[in-house]
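Novice: Chains as they are written, first to last, in the numbering used here: chain A, 19 to 204; chain B, 2 to 176.
No lab work stands behind these hints: they were computed from the structure.
Accuracy of the hints is not assured; some may be wrong.
[As the list claims (entries may be wrong)] Stretch by stretch, here's where chain B covers chain A in the computed footprint (C-beta under 8 Å, at least three residues):
1) 25 to 38
2) 46 to 59
3) 116 to 129
4) 142 to 150
5) 168 to 182
[As the list claims (entries may be wrong)] One-sided and incomplete, this derived list gives chain A residues near chain B with beta-carbon spacing under 8 Å:
6) 68
7) 69
8) 82
9) 101
10) 132
[Said to hold, decoys possible] Derived EDC-like pairs (lysine to aspartate or glutamate); straight-line CA-CA distance at most 16 Å:
11) A:163 with A:87
12) B:66 with B:56
13) B:66 with A:21
14) B:66 with A:87
15) A:163 with B:61
16) B:58 with B:68
17) A:58 with A:193
18) A:58 with B:171
19) B:96 with B:107
20) A:25 with B:68
21) B:63 with A:193
From the three backbone atoms N, C-alpha and C, an ideal C-beta is built for every residue, glycine too.
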Amino acid sequence: MFDEPLKLVLGLVTGIVFGFLLQKGQVAKFQKILGQFLLKDFTVMKIMATAIAVGTIGVHALVAMGAAEIHIQTASLARVIVGGVLFGVGLAIFGLCPGTSVAACGEGRRDAMIGVLGMFVGAGIYVAAFSALQPIIKSMADFGKVTLPQFTGTPPWLWAGGLAVVIAIALAILERVHPKQLDAEP
Amino acid sequence: MKAWSPYLVGAGIGVLSWLTFATANKPIGITTAFEYSAALTEQAAAPRIAQPYLDAKAKDNKSPKIDWEWMLVVGVLIGAYASSKLSGDRAPEEKVPPLWRSRFGDSPRVRYVGAFVGGLVMMLGARIAQGCTSGHAISGVLQLALASWIFAPVMGIAGMAVAFLIYGKEGRSHV
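With the rest of the complex left out, here is chain A:
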C-alpha cells in the first residue's frame, strides 16, 4: 500500500520543487497553455524544450555512469496515438495539463480544482474499463520499451548531444521571433 518512507519524502520534495518551478514559469494558467496552442505565447514550448535539452544530457550521463536506468513506456502505436489524441483534445478544452492543473489548484483556481476532479473520474473510467480497452490498445503494432538509439542502432550520446544542440539553436531563433513575455497575466 505504501512505498518506504524515504522514497515518499524524496517524492514530496521533488514535487515541491517541481510545483514551485511550474508556478514561477507562469504555466499553471489556462491563458498560457491556450496561448501556446494558438501559437501566440511560446512560454510552454520554451520551458519544455529547455527542460528536455538540459535533462537529456544529465540523464544520459547518469545512465552512462551506471548511476541510473532508462524508464520508459512501451511504444504501442494504439496507446500513444489514441491516448495522444484524447489527451490533446482534453488539454485544449481544460487548458491545463495534469502537472500544471495540480499547480493551478495550489494557486487557488476553482476551475482547476473541478478539472482535477474530472481527471480523477477519467482515471477511474480507465481502471473500470481496463478489460474493454484491451482490444483497442492491442489493435496496432507495439515496438516495446525501445529508445530511438536502440530503434535506429545509433549511439545515445549522439542523440542526446544532437538534441541539445538542435533545441539550443531552435530556441535562439524562437527568442528572436517571440521574445520573452515575463508579465504575469490573469
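With chain A's structure known, arrange chain B on it following the hints.
Specialist: Using the frame of chain A, we list chain B on its own:
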C-alpha cells in the same frame, strides 16, 4: 517575483530530472498517481469493477499504492501554493479566463463543466498512452523513448487543432 524566465524554469526542471534519476531512479510523472488513487478508491467502493485491472497489475508486480510519484503530486500542490503566496500570484477574483470568456461567456458554471469534461478526457488519454506532458513529453522525450516521440507531436497537433477550432484566429487577441 511573479514570473521567472522560461529558460531558467526549464533548466530547473531539467536539473530536477537529473536529481530524480540520481535519488529515486525515476522520471518525473503525474498521472500514474491518479490511476492508482482511482484504483484504490474503486477497490474499496466497488471491488468487482476494479478486479480485472487489479489482477493484471498484480501480475506485473505493479499493484496500485501510495508511492514516490503520489507524493510528488502532493508536493506540486504545496510548491505551487508556496510560490503563489510568496509572490502574491493567487487566483484572480475573475473565475473565467479571458480567452474562455471571449467564446463561452462569463458563466463560471459553463467553465466548470468544460474543465471537468476536458480534465476527464485528458486523463483517460494519459492513462491509455501511459503518460502526460510530464511523463511523456518531457521525461520520455529526454530519455529518447520512441513512445514519447510519437505521443508528443500527436497530442500537440490534436491540441492545436481543437484550440483553433474553438477559438479561431481571433482567439489569439485574447491570450
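Novice: Compare the structure with each hint and give your call.
Specialist: Hint-by-hint comparison with the structure:
| no. | hint | in the structure |
| --- | --- | --- |
| 1 | 25 to 38 | holds (count 14) |
| 2 | 46 to 59 | holds (count 12) |
| 3 | 116 to 129 | holds (count 14) |
| 4 | 142 to 150 | holds (count 7) |
| 5 | 168 to 182 | holds (count 5) |
| 6 | 68 | 3 Å, holds |
| 7 | 69 | 4 Å, holds |
| 8 | 82 | 12 Å, violated |
| 9 | 101 | 3 Å, holds |
| 10 | 132 | 5 Å, holds |
| 11 | A:163 with A:87 | 13 Å, holds |
| 12 | B:66 with B:56 | 14 Å, holds |
| 13 | B:66 with A:21 | 7 Å, holds |
| 14 | B:66 with A:87 | 22 Å, violated |
| 15 | A:163 with B:61 | 15 Å, holds |
| 16 | B:58 with B:68 | 15 Å, holds |
| 17 | A:58 with A:193 | 13 Å, holds |
| 18 | A:58 with B:171 | 11 Å, holds |
| 19 | B:96 with B:107 | 8 Å, holds |
| 20 | A:25 with B:68 | 7 Å, holds |
| 21 | B:63 with A:193 | 43 Å, violated |
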